[in-house]
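Novice: Take the given structure of chain D and dock chain W with the ligands to it, following the hints.
Sequence lines, in order, name chains D and W.
The letter at position 539 of the first sequence is residue 539 when you use the UniProt record's numbering, and the numbering goes up by one with no holes.
The letter at position 27 of the second sequence is residue 27 when you use the UniProt record's numbering, and the numbering goes up by one with no holes.
Just so you know, these hints were derived from the structure itself, not from any lab.
Some hints could be false.
Repeated chains share a single entry, so a pair holds when one copy, or any two copies, can fit it.
No more than 25 Å apart at the CA atoms, straight line, and that leaves these computed lysine to any residue pairs for SDA-like [unchecked claim]:
(1) K152 x G216
(2) K320 x F443
(3) K347 x A187
(4) K320 x P290
(5) K324 x N447
(6) K374 x N56
(7) K324 x R452
(8) K451 x V316
Number of protein chains: 2
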Amino acid sequence: MKYIIIGAVAGGASTAARLRRLDEHAEIIIFERGAYISYANCGLPYYIGNVITERNKLFVQTAAAFNTRFNIDVRVRTEVISIDAEHKTITATNLETGETYREVYDKLVLSPGAEPLRPPIPGINNEGIFTLRNVTDTDTIKKFVTTTKAKKAIVVGAGFIGLEMAENFHHLGMDVSVVEMGNQILAPVDYPIAAIVQQHMRSKGIYLHLNTAVTGFSKENDILKVTLKNGNQLEADIVILSIGVRPDTKLAVSANLTLGPANGIWVNEFMQTSNKDIYAVGDAIEFTNPITQQSMITYLAGPANKQGRICANNIVLGNKQSYKGAINNAIVKVFDMTVGTAGTAAKHLAAANIPYVVSTTHNGSHAGYYPNAKQMSIQIAFSPADGRLYSAQIAGYEGVDKRLDILAGIIKNNGTIEDLMEFEHAYAPPYSSAKDPVNMAGFVADNIMQKRLSVFYWNETTNIPPTALLIDVRRPDEFEKGNIQHAINIPVDELRNRLNEIPTNTPIYIYCEAGLRGYLAHRILKQNGFNEVFNLSGGYYLWQSCTAEQQLLDM
Amino acid sequence: MKYIIIGAVAGGASTAARLRRLDEHAEIIIFERGAYISYANCGLPYYIGNVITERNKLFVQTAAAFNTRFNIDVRVRTEVISIDAEHKTITATNLETGETYREVYDKLVLSPGAEPLRPPIPGINNEGIFTLRNVTDTDTIKKFVTTTKAKKAIVVGAGFIGLEMAENFHHLGMDVSVVEMGNQILAPVDYPIAAIVQQHMRSKGIYLHLNTAVTGFSKENDILKVTLKNGNQLEADIVILSIGVRPDTKLAVSANLTLGPANGIWVNEFMQTSNKDIYAVGDAIEFTNPITQQSMITYLAGPANKQGRICANNIVLGNKQSYKGAINNAIVKVFDMTVGTAGTAAKHLAAANIPYVVSTTHNGSHAGYYPNAKQMSIQIAFSPADGRLYSAQIAGYEGVDKRLDILAGIIKNNGTIEDLMEFEHAYAPPYSSAKDPVNMAGFVADNIMQKRLSVFYWNETTNIPPTALLIDVRRPDEFEKGNIQHAINIPVDELRNRLNEIPTNTPIYIYCEAGLRGYLAHRILKQNGFNEVFNLSGGYYLWQSCTAEQQLLDM
Ligand SMILES: Cc1cc2nc3c(=O)[nH]c(=O)nc-3n(C[C@H](O)[C@H](O)[C@H](O)COP(=O)(O)OP(=O)(O)OC[C@H]3O[C@@H](n4cnc5c(N)ncnc54)[C@H](O)[C@@H]3O)c2cc1C
Ligand SMILES: Cc1cc2nc3c(=O)[nH]c(=O)nc-3n(C[C@H](O)[C@H](O)[C@H](O)COP(=O)(O)OP(=O)(O)OC[C@H]3O[C@@H](n4cnc5c(N)ncnc54)[C@H](O)[C@@H]3O)c2cc1C
Ligand SMILES: CC(C)(COP(=O)(O)OP(=O)(O)OC[C@H]1O[C@@H](n2cnc3c(N)ncnc32)[C@H](O)[C@@H]1OP(=O)(O)O)[C@@H](O)C(=O)NCCC(=O)NCCS
Ligand SMILES: CC(C)(COP(=O)(O)OP(=O)(O)OC[C@H]1O[C@@H](n2cnc3c(N)ncnc32)[C@H](O)[C@@H]1OP(=O)(O)O)[C@@H](O)C(=O)NCCC(=O)NCCS
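The shape of chain D in the complex, shown without the other chains:
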C-alpha cells in the first residue's frame, strides 16, 4: 500500500503517524509546502510574545525525527500542485529546486488547512501588515517587532487569535488597539459573555474599537495609518490582520472533489471525500454540526487531530469508524481571564430558527471560604421543549476550562439540563463547592423550565413599562453603589415584612447582584399573590457589564 498525505501539521501528521502504527509495511509519503512539519500553530502567538522563549519548543516533531521514528518519507518545502484523481497521481514541486514530479498513490489524504483572509483593502500591502498562520509568518513578525522596536500595534479582528496577539503584544510592552467590525469581540460567543471580557481587556489598557471596519492603510514616515469606517484614524508600527480564514480547497477543486455549502471539502462520516480513494481532514473540510444540522467548518486543532486518527483507521481497517462532528468547544486566555464556548450560541440558534432559552449564573470557582475563589459567569442556552443543552459559554478565571469541558461533554451527548443538575463533581474546597457552578446553572434552568422562575434579560430593562415596579433586593449599601434607573430598594431579607408596600396588580421586575436573591424574592412574591414577577437573569453584574459596553458602542 502507498499512502500520500498532503499537509504535515495537525491533521496530516496525526494521520501519518497512526497510518504507520496500523501498517508498518506501507509506503507513506507526506508533503509539506512549508519548511516545518508538526509545529504548534497554537503556540505561535505566545512565541511572538516571549511567553514561549525557546523557538525549538514549537516543533513537536522535526522532519528528520519523524522520519526516523515513523519511517515516513517527509518532503518539506514541496508543494503538491495538482491531483489527477483518475490516475491516482499527484504532481509536486520541490520549492528549493523547482523540480516537479509525480507520485502515484493508493490512498490520498488531504490536510491542507486554511489560509488567512487578506481582503483587497487599499494599502494592505504596506510593509508591517501581517497575517499569522505558520512558522514563517511568526519568524517574520518577530523579526519585524525586534528590528523596528515596534511600540504600537493594531490587531484587526477580535477573534481567538486576534485576542491572543493583542495580549502577547501587550506582554511585550506595546500599546495595543483592537479593531473589530462586529459589535463585540469573539463572534462565536454571545454578547453578554463578550462584554465581560471586553471590560477586562479595557481594564488592562487595551483599546477596543468595535462596530467599525478598516477601510484603508497608508504609511508615512515608517508609521502605519489605519483608517476606520467610523472616520477615525489610528497609528501603528505593526498591524496584525486576524479577520478569519478560509479552507484551502485549491487541490480539492483540481481533483474535482465535491465542496459543501460552507465551501469546505465535503466528506462523509468516514472522512472520505467524494472520491473513494481520497480522504480529507482538518480545517479544509466541512461537516454537519450535530446541533444545527447545518454543514460547517471547524477551525480547531483537537478535531483535526482526532479526524486524523479516524481517517487512518478507516483507510487501513475499512470504513468503520464514524466521525460525529464537532460542537466547536473553544477557549482562549485573555489576560487574567479565560473565556470559552461550546455548542451553538444563542444568536446562532436564533438565526437557525431553533427555539431556546438563555440563563446566566455567576458562581465561585471553588468554595468561597477557601482562599482565592474567583467568580465565573456561565451562560447556557437550552431547549424550552425538552431541556436539551445547546450551548455553554463561560467567562472567568480559575476553573473555567473545567466547567466548559463538563458542559461540552453534556452538549455532545445530547444531554439536558437534568444532566447539569445531577452532575456529580469532585468536591474539596480548593476545587469546587458542594454545589458546582455546573449544578447551579442546571438548578436555575430547571426552575425556568418548571415555570418556577420567570426571567428577564439585561437588554429588556429599558422596556419595562412605567406602570411596572422594578425592585432591587440587594442590601442598601449595594444599592447605593449603583443601581438600575427607577428601581426601588427592598432587601430580600425584609421582603416578607414589606409585602404591603408592593401593589399586586402590576408586573414586578426584580434584580439582585447575581440572581440568587432575586430568585428568592421571586419565590416569596409568587406565593403571596403577585402574579407577574420576573427576575433579572445574570443580575446587576451582567447588566452592568453589558450596559457599560453598550454605552461605549453608542458613543
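Specialist: Showing chain W with the ligands alone in chain D's frame:
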C-alpha cells in the same frame, strides 16, 4: 404543612432551604444538636492549618440569618432524641436548658450525618487524641495546638481527611507522621496511584507508617506514646484519629426504619425511608452503587446537597424525581499534588467479581511547549467486553480536577472508552493539548480493546520468565539513570534496524518512560513477526513509584 428536619448542615440545610422555596407557607423547623448550622465541614482542616484564617468564613449561614432569609424555625443546641413514627411526633431536648418536648410533623427529614470511629484502643481517652467532625471538634483541636504549642503530630488513618490534616499540621510547622493499617494511603484509590502520592508526601517530609495499626496510646510527661502493631513506638504532642466514620442511625433505629446491608438508613430512589412520611439524606443513608449494584454509603457533601434538593422536591411535589446514586467522585489536595477517584477502583471490581482491564497513561496538564505544564497520571478501569468505563483515578498537579470530572461524567452516563477517544475538549495552549489526557487514556484503552496493544503491569515484572526478553526502548541516557533489572536497551528509534538482535521465538516485554514509545516499539515488533509482545502499562515512571513504595513496605 409542617416539616421537621433533623440535622442542619449539608443535607438538612439544603433540604430546608429548598422546601421553603417550594412552599412559602409551610411551617419548617430544623433541629441541630450542635451550636452551629450550615458550616463548612470540608473547610475545618484548613481552618486548623491557618489556610482559612477567619473562623467566620466557616459558616455559610448562621441560625439567625437562615431564619431571616428563609423564615425557618432553627433550633440549635437541641437534640432530637426519639421519633414516634406512628404518631408522627419527635421528642427533642434543649441541650442548654435540659427541657424536653414534642413536636408533631407531617413530613420528617433525617440528615444526622455520620460519626467518627473511636475504637476501644487502650489509652485512647488520653488528652490530646482527637477526632474531627464539627466546629466544636475544630475549636478544641485548634485551641489544644495553640496552647500546648504542639510540635509533633500523628494522624491515624490515611483517608481524605487524614491527609488534609497531615498537610495542615505540616503547614503549621509541625513534624507529622501518618499511621495507616492498610498497605497504602487513600483506600478508595488503587495502589499505583496511591504510590505516586505517597512518594510526594515523603518528599515533603511526612513520615508514612503503612501496613501497621495502632495498638495502644499512653501519655508520659505530656507526651503521647503511640504503639504500633509492628512494634514501633512513636511520640506526639497531638493525635488525630481519622480512621473512618459510620452513619448515625440511632434515630432511624428508634423509629423502626429499615437499615440496609451497609448499615445505613435504607431509602428508595425518592429519598424516602421505609416509613412514607420520613425521608432521609446524606451520610446516614445508603444507596445502590450504579456500577457494582451493591448498596453503599457515600460520605460526600456534593451528593448530600443534591439529595437534599431532590428530597424537598419529592416531599412537596410528590415522589417524582429519582436519585440515581453516586459514583463517589472524590478529590483531595495533598501538598502540591491533587489526587482523585471516581467510580469503582480495580480492587473493588475484583472483589465484586466484575471483569475489568486497567490502563495507566501519563500526560501533560497542558501543551508541553507552553510554560509550566505538569504531568498527570490517569488510571482507568474498563470492561473488556464492551469498553464501559468503571473508574478513573488521577494523580498530578494542575488540571487533575478537570479530567476527573470529565471522566466522572462519562462513568455516570454508562459511557465507554469510545467516549474518552471522542471527547471534544476545549484546547488552547494554557489549558490542554490537541489530544487531551482524556483522549489519550481512551486511545490507549482502545488499542488494548482492539488487541492492538498487549500490556503487562508494574507488579508483573518480577514474573517475567527468564527465557523472555525485557527491552527498555528509551534513550541510552535515560536507561543509564535507572532501569528494570535484566532489561537490555534498544531505543525505539533504532528498533527497525536492530530487529535481528531479537529472537522471534520468545516473549518480549517492553517498557519506556510513560508507555508511548513502548507502544510504538510494540507495533513495530508485532508487525515484524514477533508474536508475544507486551508493553508496560504506565511505563518506568509508574513502576518506579510502585516499586519504591513496595520496598519501603517490605522493610
Ligand atoms: C496562530 C494560531 C493559533 C491557533 N490556536 C489554536 C488554539 O488555541 N486551539 C485550537 O484548537 N486551534 C488553534 N488554531 C487552529 C489550529 O492550528 C488548526 O485548526 C489546525 O492546525 C488545523 O489542522 P490542519 O491539519 O487542517 O491544518 P494545518 O495545521 O494548518 O496544516 C496544513 C498544512 O498543509 C500545508 N499545505 C497546504 N497545502 C499544501 C500543498 N498543496 N502542498 C503541501 N503542503 C500543503 C500547509 O503548509 C500547512 O502546513 C490556531 C491556529 C493558528 C494559526
Ligand atoms: C473534616 C471534614 C472534611 C470533609 N471534607 C469533604 C470534602 O472535601 N468533600 C466532600 O465531598 N465531603 C467532605 N466531607 C464530608 C461532608 O462534610 C459530609 O459528607 C456532609 O457534611 C454530610 O452531610 P450530612 O447532612 O449528611 O451530615 P452533616 O453535614 O454532618 O450534618 C449532620 C448534622 O446533624 C446533626 N445531628 C445529628 N443527629 C442529630 C439529632 N439527633 N438531633 C439534632 N441534630 C442532630 C449533627 O450535629 C450534624 O451537625 C468532610 C467531612 C469532614 C468532617
Ligand atoms: C504529534 C503528531 C506528529 C502526531 O503524532 P501521534 O503519534 O499521533 O500523537 P502523539 O505523540 O500524541 O501520540 C498518540 C499515540 O500514542 C499513544 N499513546 C499515548 N500515550 C501512551 C501510553 N502511555 N501508552 C501507550 N500508548 C500511548 C496513543 O494511543 C496514540 O496512538 P494511537 O493513535 O495509535 O492510538 C501530530 O499530532 C502533530 O504533528 N502535532 C503537532 C501539530 C498540531 O497538532 N498543531 C496544532 C496544535 S498546536
Ligand atoms: C447553603 C445551604 C444553607 C443551602 O442553601 P441553598 O439555598 O439550597 O443553596 P445555595 O445558597 O447554594 O443556592 C442554591 C439555590 O439558588 C438558586 N440560584 C443560584 N444562583 C442563582 C441565580 N444566579 N439566579 C437564580 N437562582 C439562583 C439555585 O437554583 C438554588 O435554588 P433551587 O434549589 O431552588 O433551585 C446549605 O447548602 C448549607 O448549609 N451548606 C453548607 C453546609 C455544607 O454543605 N457543608 C458541606 C460542604 S463544606
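Novice: Each of the hints needs a verdict: does it hold here or not?
Specialist: Cross-check of the supplied hints:
no. : hint        : verdict
1   : K152 x G216 : within (18 Å within a copy, 73 Å between copies)
2   : K320 x F443 : between (40 Å within a copy, 16 Å between copies)
3   : K347 x A187 : within (10 Å within a copy, 49 Å between copies)
4   : K320 x P290 : within (19 Å within a copy, 31 Å between copies)
5   : K324 x N447 : between (32 Å within a copy, 20 Å between copies)
6   : K374 x N56  : between (35 Å within a copy, 19 Å between copies)
7   : K324 x R452 : between (36 Å within a copy, 23 Å between copies)
8   : K451 x V316 : between (53 Å within a copy, 16 Å between copies)
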